[in-house]
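K.L.:
Using the hints, position chain B against chain A.
Single-letter residue listing:
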Amino acid sequence: MVAVAVHLPLLLMQLPLKSYDTNFHIFFASHYAQHWFDPWNPKWFAGFSQTTYPPLPQQWTAILSWVLGLNLAYMTVQFVGILLLVVGVYRFAALWVSPRAASYAALASVFIAAEGFLVYSAGQLSTTVAAPIYLNALPFLFQWLRHGSWRSFLKAFVLLVTAAAAHHVTLIFGSVLFALPIIALAWMDGRDSEDSDKVSAPALVVRIVSIVVVAGAAIAAVLLPFWIGLIRYPVTQTPIAHASRANFLLSPEAGINYFVVPYGALILALPFIVIRGSSIRRLRPLLLGFWATFLLGLGGTTPLAPVLLGRSFNVLTFERFSYWATLLCLPILGQVIVEAVDRFRLKALIPIASLAAATCALAVAWSTYKPADASNLNVDSVALWLNRDGHDHYRYITLGFGNKLSRLAMQTNANSVDGESNSARMLPELTQFGGAALTSSKYFAKPGLDSLRAMLNHADRYGLKFIIVRDPYYDPLLYFAGWRQVDSLDDKTITIWSKDGVPPALPMNAAEMPTHFQGLIWGTLPVGFSLLAMLVVLLPEKRLRPEHVTDAAYTREHLVSGGMVS
Amino acid sequence: MSQGKLLATALAVTTGLLVTAGTLWPSAVAASYSGGKTEGILSSTSTPEAAVNDLTAQLKLHALAKAYSGLANKAEFSEADFERDLLGIGLSLRTYATLDSVEVRPLHQSNTDADLTMKMHWSSVVGNFDDTRDVHAVKVGNHWALNWPLKHESPVPPQVIPVNYLRWDVIYRGAGDDWGSQDVEAPHVRIVDMHPLSRAEGVVVMGELLNEDVVPAFVSVKATLVTKAGETLDSEGSFDMISHTLLPKQVTPFIIHFPGTDLSKISTIRMEPTSVLVAASADPVVEIENQQYQEGSGAAVTGQLTNQSGHTVNVSHVLTTFYDANGQVVWVGGQYIDRALQPQTPVDFRVPVPQDLAGKVKSERTVVSTYIQGNS
Chain A
49 MVAVAVHLPL
59 LLMQLPLKSY
69 DTNFHIFFAS
79 HYAQHWFDPW
89 NPKWFAGFSQ
99 TTYPPLPQQW
109 TAILSWVLGL
119 NLAYMTVQFV
129 GILLLVVGVY
139 RFAALWVSPR
149 AASYAALASV
159 FIAAEGFLVY
169 SAGQLSTTVA
179 APIYLNALPF
189 LFQWLRHGSW
199 RSFLKAFVLL
209 VTAAAAHHVT
219 LIFGSVLFAL
229 PIIALAWMDG
239 RDSEDSDKVS
249 APALVVRIVS
259 IVVVAGAAIA
269 AVLLPFWIGL
279 IRYPVTQTPI
289 AHASRANFLL
299 SPEAGINYFV
309 VPYGALILAL
319 PFIVIRGSSI
329 RRLRPLLLGF
339 WATFLLGLGG
349 TTPLAPVLLG
359 RSFNVLTFER
369 FSYWATLLCL
379 PILGQVIVEA
389 VDRFRLKALI
399 PIASLAAATC
409 ALAVAWSTYK
419 PADASNLNVD
429 SVALWLNRDG
439 HDHYRYITLG
449 FGNKLSRLAM
459 QTNANSVDGE
469 SNSARMLPEL
479 TQFGGAALTS
489 SKYFAKPGLD
499 SLRAMLNHAD
509 RYGLKFIIVR
519 DPYYDPLLYF
529 AGWRQVDSLD
539 DKTITIWSKD
549 GVPPALPMNA
559 AEMPTHFQGL
569 IWGTLPVGFS
579 LLAMLVVLLP
589 EKRLRPEHVT
599 DAAYTREHLV
609 SGGMVS
Chain B
6 MSQGKLLATA
16 LAVTTGLLVT
26 AGTLWPSAVA
36 ASYSGGKTEG
46 ILSSTSTPEA
56 AVNDLTAQLK
66 LHALAKAYSG
76 LANKAEFSEA
86 DFERDLLGIG
96 LSLRTYATLD
106 SVEVRPLHQS
116 NTDADLTMKM
126 HWSSVVGNFD
136 DTRDVHAVKV
146 GNHWALNWPL
156 KHESPVPPQV
166 IPVNYLRWDV
176 IYRGAGDDWG
186 SQDVEAPHVR
196 IVDMHPLSRA
206 EGVVVMGELL
216 NEDVVPAFVS
226 VKATLVTKAG
236 ETLDSEGSFD
246 MISHTLLPKQ
256 VTPFIIHFPG
266 TDLSKISTIR
276 MEPTSVLVAA
286 SADPVVEIEN
296 QQYQEGSGAA
306 VTGQLTNQSG
316 HTVNVSHVLT
326 TFYDANGQVV
336 WVGGQYIDRA
346 LQPQTPVDFR
356 VPVPQDLAGK
366 VKSERTVVST
376 YIQGNS
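Line by line, the protein sequences give chains A and B.
Take the first sequence: its letter number 444 is residue 492 in this note's numbering, and every next letter is one higher.
Take the second sequence: its letter number 141 is residue 146 in this note's numbering, and every next letter is one higher.
Extracted from the complex, chain A is given alone in its bound form (with noise of 0.2 Å):
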């Protein structure tokens, strides 16, 4: 109820349309709502497959958009995501501390300032889809690893499959991240439980592996499309500039954006959190889990992210390891909110209270603060202009359009030859050189204007007829390399360029297309395979003995150094 007081609100308000990447994703779904079965799509990058980025809550807003539009659908699906994350949060963390501790852990998750900033700020939708549904996968894959049971195999399985449609680096990186401490949860307790409950080392690690092939066979196949063409065409551009890779005490901004904000009060809660974590035995691999987690989160301040992913470092943004360190760190912080509130009662609650609110509020009210760019632009008039008089037979840019790039490419015809999909871009104009959207070419500098340069060098290629500009920083260029501004929109705040000579844009012969198959597959086992999940969780659990034990078992008079508690 507090996730829907505290989120629906906002949510039914849109507010996370002014942020980074939901427009890019209400795109996606427009897409797979007009072409299922298709994901070829030709409005950006003169064409490029969708099957680049993992579909489930794009098609499932696409499903939902048939009925509620585009962007209530977004909010629902989002808003599910948040539902999905606290009661995640709470069958996590009761694997791990008691049900009251795993309660405040669940109520902690409503208020965390990176679930906040992503889906306010940075509009991840496919993040903060993915990690909650991995959370409920995880106490089933739990289940399976301690007492081998086959019906929490198959939640397991159905979920984690589930998870990995919905989001790629979630599952590459995130599910390895989650799935460690669980790992040695079960070998710790199945070690030091009672001859009758025990589990062997080489049952655990057939158990482990049995999960591992299946689930990883099963992925393989869901996400095939996905697979073959990372294969294909792996990413080999030009790295482009995140200022999540950055060390966060020499770039402050950096820190304040991607530490401060993220985290929020969570950061006065580290001490504490290191503390327990440490001086209960059975906390310990969630511990150590956080800590590499969060050593990642930041980025370029350590040198193990750099050295750890190697060149990955330079493609990976890191804002969502701060926030599967976050929800690692949640079990341990609901077993520090139950000491608290225990020993100093309302002196407590009070203070935890409204440092949680203000933290949730802070990284809410981020994406004002700190607007994406052209987060307030109307594109109406410039989808209208496009739209009329043949304009739509040519390609197109914007120049200062920032994230609204993506809703004018839902409401126009006419296609682009730029696009907000770094992953999924093949043109050598926009791979070479570590720009990335080239909306917003200035604010990448060199890397950006040259590949802007490249791409106008080569309009004649692409039928790239109209720049649609917002930003008159661009117009020396365009003027010395022969556009001519030919209208305006918006009392001239919108100026239109045109090259003569162009012709009309032609449909793109890319090898990257996918076949028919891969877009039947592509339409299918995703969202078959979540409502497989929703069905397969359903089935009654079999009771097991808990693992965990009452909050007096933490209480400080329990702790024994370096003891086992449960």
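Please keep in mind that the hints were generated in silico from the structure rather than gathered at the bench.
Please note that a few of the clues may not be correct.
[To be verified] Now the in silico label distances, taken between C-beta atoms and shown as ranges: (1) A:V254 with B:T19: 30 to 36 Å; (2) B:H148 with A:F392: 46 to 52 Å; (3) B:G146 with A:Y281: 53 to 59 Å.
[Stated by the list, open to error] Output of the computed footprint for chain A on chain B, the stretches with three or more beta carbons under 8 Å from beta carbons of chain A: (4) 84 to 93; (5) 234 to 243.
Computed from a predicted structure; not experimentally measured.
Glycine included, C-beta positions come from ideal geometry on N, C-alpha and C.
P.N.:
Chain B only, in chain A's frame:
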């Protein structure tokens, strides 16, 4: 110490050590967000080069106030002067340029002072430009600071400048004819010279285009390379290496680059000039003064541009055609002027020619394209 305390301590200490290491010796990627100083917070100005690096980092971050505060000779000029020197007066390429990199070359050093050359590579919307400064470093206590060689650029005093220039206006059909489907014949333009050249980086096609008409034209040139088998090898346009707006009887040079192509495989070059009638005026008049060709190492045409009009020209592009003894085009070069052309204020330009072609150059001709904000 208990295992728990030991673990907590180990985690805290390891975290501290890792953060310390990452801050003292940041990775190149992490350092790039803080101005590129890979020395991290250990960075000091203990050498003249380090002082230049420190200044470079501040300039990359656009922290001009901090950069100014670290100068040894800051008492000689104000922070506003320093900003004007770097960003220029009025809107120009410098206004939004970002410092990409700096080459430092020591010239001389003693225990108390040093001379260095700083070649700053700036990135602007139309391309890169360089700014070379000879800086004098002095030792102040145990660190080095720079004497910034300020280039004074004074605002133009208030005055009245009479102008008398030709201007062509166009009356279009109406609002529906807004993007090029004109109901008038395109101005007559003609390529008067075209000459392909094989270079190490590929083929270049250069020449000159004449507006034969009595009305202004907005022109572009596209070249298509056709192989001996009749296949199209590549097609490129002149992009910004042409003066797009041509007044009647005006000639512009053009050069088109085909990187990675081999001239021996080409049988035909198909040239496609395009022209559209546009409104135009002879204003602003930019006079080219003291133009001269400097031979030898670093051969180039140098001179000065003087804006004779009353407007500030925000961006200007100099295009020079180099001819051989037979009057054939040898090369076409260009340079953007990074500072705005204030009325009646001369600004230097320099258009280099490739060293291997420099010996063939017997004459040259320079034209200037201008951009004035709001007049496009």
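K.L.:
Against each hint, give a clear statement of whether it holds in the structure.
P.N.:
Tested hints:
no.: 1; hint: A:V254 with B:T19: 30 to 36 Å; result: 34 Å, holds
no.: 2; hint: B:H148 with A:F392: 46 to 52 Å; result: 51 Å, holds
no.: 3; hint: B:G146 with A:Y281: 53 to 59 Å; result: 57 Å, holds
no.: 4; hint: 84 to 93; result: violated (count 0)
no.: 5; hint: 234 to 243; result: holds (count 4)
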